[in-house]
Amino acid sequence: MKCVYLHLTLCFTTALTVVIFMWSNNYAKIETKWSDMKPASSTSRNVQMLKNINLISSKTRFLYLTQTESCLPPMLSAVEVLGNTSACLCDVLVLSYKQACQNQTLPHVQYLFNSSTTFTTGRNVLYEEAMKRDTRYLYYIFMDDDIQLVDSTRTYPNPWRGFENFLIDVEPAVGTVMFNLETVPPYSMSRLRKYKMNLGCPLNESSLWTPVAAFDAAFNAFHLKSVDYILPYTEEFESMSIWLSQVSTIIKCEVMFRGGVITHTVIAAVNPKHRPYGRGHMDEHSIAAVVASVEASLPKKYKNASVIMNWKKKPDFMYQRSTSSTLCLKPL
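Everything in the sequence shown is counted per numbering that gives the first Met the number 0, starting at 0 for the first residue and increasing by one.
Don't take every hint at face value.
Here are the simulated distance ranges between beta carbons [said to hold, decoys possible]:
hint, residue 1, residue 2, range
1, Ala-86, Val-169, 16 to 26 angstroms
2, Met-317, Ala-99, 35 to 45 angstroms
3, Ser-85, Pro-271, 21 to 31 angstroms
4, Thr-104, Met-308, 44 to 54 angstroms
5, Lys-58, His-284, 17 to 27 angstroms
DSBU-like mimics (lysine-lysine), calculated; alpha carbons at most 30 angstroms apart, straight line [claimed, not checked]:
hint, residue 1, residue 2
6, Lys-224, Lys-311
7, Lys-193, Lys-329
8, Lys-300, Lys-311
9, Lys-131, Lys-58
10, Lys-195, Lys-329
11, Lys-193, Lys-312
12, Lys-195, Lys-313
13, Lys-193, Lys-58
14, Lys-224, Lys-195
15, Lys-299, Lys-312
16, Lys-193, Lys-131
17, Lys-313, Lys-300
18, Lys-313, Lys-302
19, Lys-313, Lys-299
20, Lys-302, Lys-224
It is worth saying that the hints were derived from the structure and are not from the lab. Glycine included, C-beta positions come from ideal geometry on N, C-alpha and C.
Work the whole structure out from these sequences, hints included.
In structure tokens form, the structure reads like this:
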């Protein structure tokens, strides 16, 4: 039985047999049974339910999920961003954590309220609520509420629609963008270029996207078929540092979807507001604890994966981000 969805053809069988992500070099055509990859400790719904997926009966392809003080900020509710469901082909799920939003005028935007959440637990509230929906979206896009997408090359008239088209055309396991605290992409791009040069990787200057080994949590799009293997976010280390939940996410992605985390190199996420918040302390000892936790949660076949071994040998985020051979994989 086939499910045909616009540009995409996603084939499911009643046995939920094989999912293929196209990766290059030695990772071209990696085939894995998803039921073997499901971590036993996951709290998300049973993977066998996926065989009965009714993929998006409407034209809605994306679910954006964010946390904010009250109502969705004007820059995100703008028509050209997320304010027009016909333009973004999206629904929006918002967790308000200071005051319940009283101005709920957009029918495709749903609000939740919880004043006791943190960055990580709040994202998990959003994730669990998303999983309760009858609609299964092609991508679940978690984002900070002060994010702006910019394209200094003017490749796309609207970088938001450009990113969505990238997700549809490339269909990565996880789609990301460049990330900057300022307002232009060159800083992040030059840093990534430096990493590749140090590793002797081909630069592929003409490509608009590239596989990465690490990525900021500010703007991440999880594919329908990968989200349940990556999320929910780990809350185990929240008291140590809110950054550690993303380290866990990164390691899981590297183990199970190596080469499938694709960054769009033209589009950048900018969050100039960048609120002050308690980030905690992240060092080699805390990262080593995260690595051990991820390893324990993985199916046996992944426990000796080279990615796990590398992180155990050198539990340093900056080192792993800049030296992973994933950066040398050819872009899709």
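So, going through the hints one by one against the coordinates:
1. Ala-86 - Val-169: 16 to 26 angstroms: holds, 21 angstroms
2. Met-317 - Ala-99: 35 to 45 angstroms: Given about 40 angstroms between the Cβ atoms, the range holds.
3. Ser-85 - Pro-271: 21 to 31 angstroms: Since Ser-85 and Pro-271 have Cβ atoms about 29 angstroms apart, the given range 21 to 31 angstroms holds.
4. Thr-104 - Met-308: 44 to 54 angstroms: Holds, at about 52 angstroms.
5. Lys-58 - His-284: 17 to 27 angstroms: At roughly 48 angstroms between Cβ atoms, His-284 and Lys-58 fall outside 17 to 27 angstroms, so the hint is violated.
6. Lys-224 - Lys-311: Roughly 28 angstroms between the alpha carbons, so the hint for Lys-224 and Lys-311 holds.
7. Lys-193 - Lys-329: holds, 16 angstroms
8. Lys-300 - Lys-311: holds, 17 angstroms
9. Lys-131 - Lys-58: holds, 19 angstroms
10. Lys-195 - Lys-329: holds, 12 angstroms
11. Lys-193 - Lys-312: holds, 23 angstroms
12. Lys-195 - Lys-313: Given that 30 angstroms is the threshold and the Cα spacing comes to 19 angstroms, the pair holds.
13. Lys-193 - Lys-58: Cα-Cα ~40 angstroms, so violated.
14. Lys-224 - Lys-195: Roughly 29 angstroms separates the two Cα atoms, so the pair holds.
15. Lys-299 - Lys-312: Between Lys-299 and Lys-312 the Cα gap is close to 19 angstroms, so the pair holds against 30 angstroms.
16. Lys-193 - Lys-131: violated, 43 angstroms
17. Lys-313 - Lys-300: Holds. Lys-313 to Lys-300 sits at ~22 angstroms (cutoff 30 angstroms).
18. Lys-313 - Lys-302: With Cα atoms ~16 angstroms apart, Lys-313 and Lys-302 stay inside 30 angstroms; holds.
19. Lys-313 - Lys-299: Cα-Cα ~22 angstroms, so holds.
20. Lys-302 - Lys-224: holds, 22 angstroms
In the structure shown, a violation is registered for the earlier hints numbered 5, 13 and 16, in ascending order.
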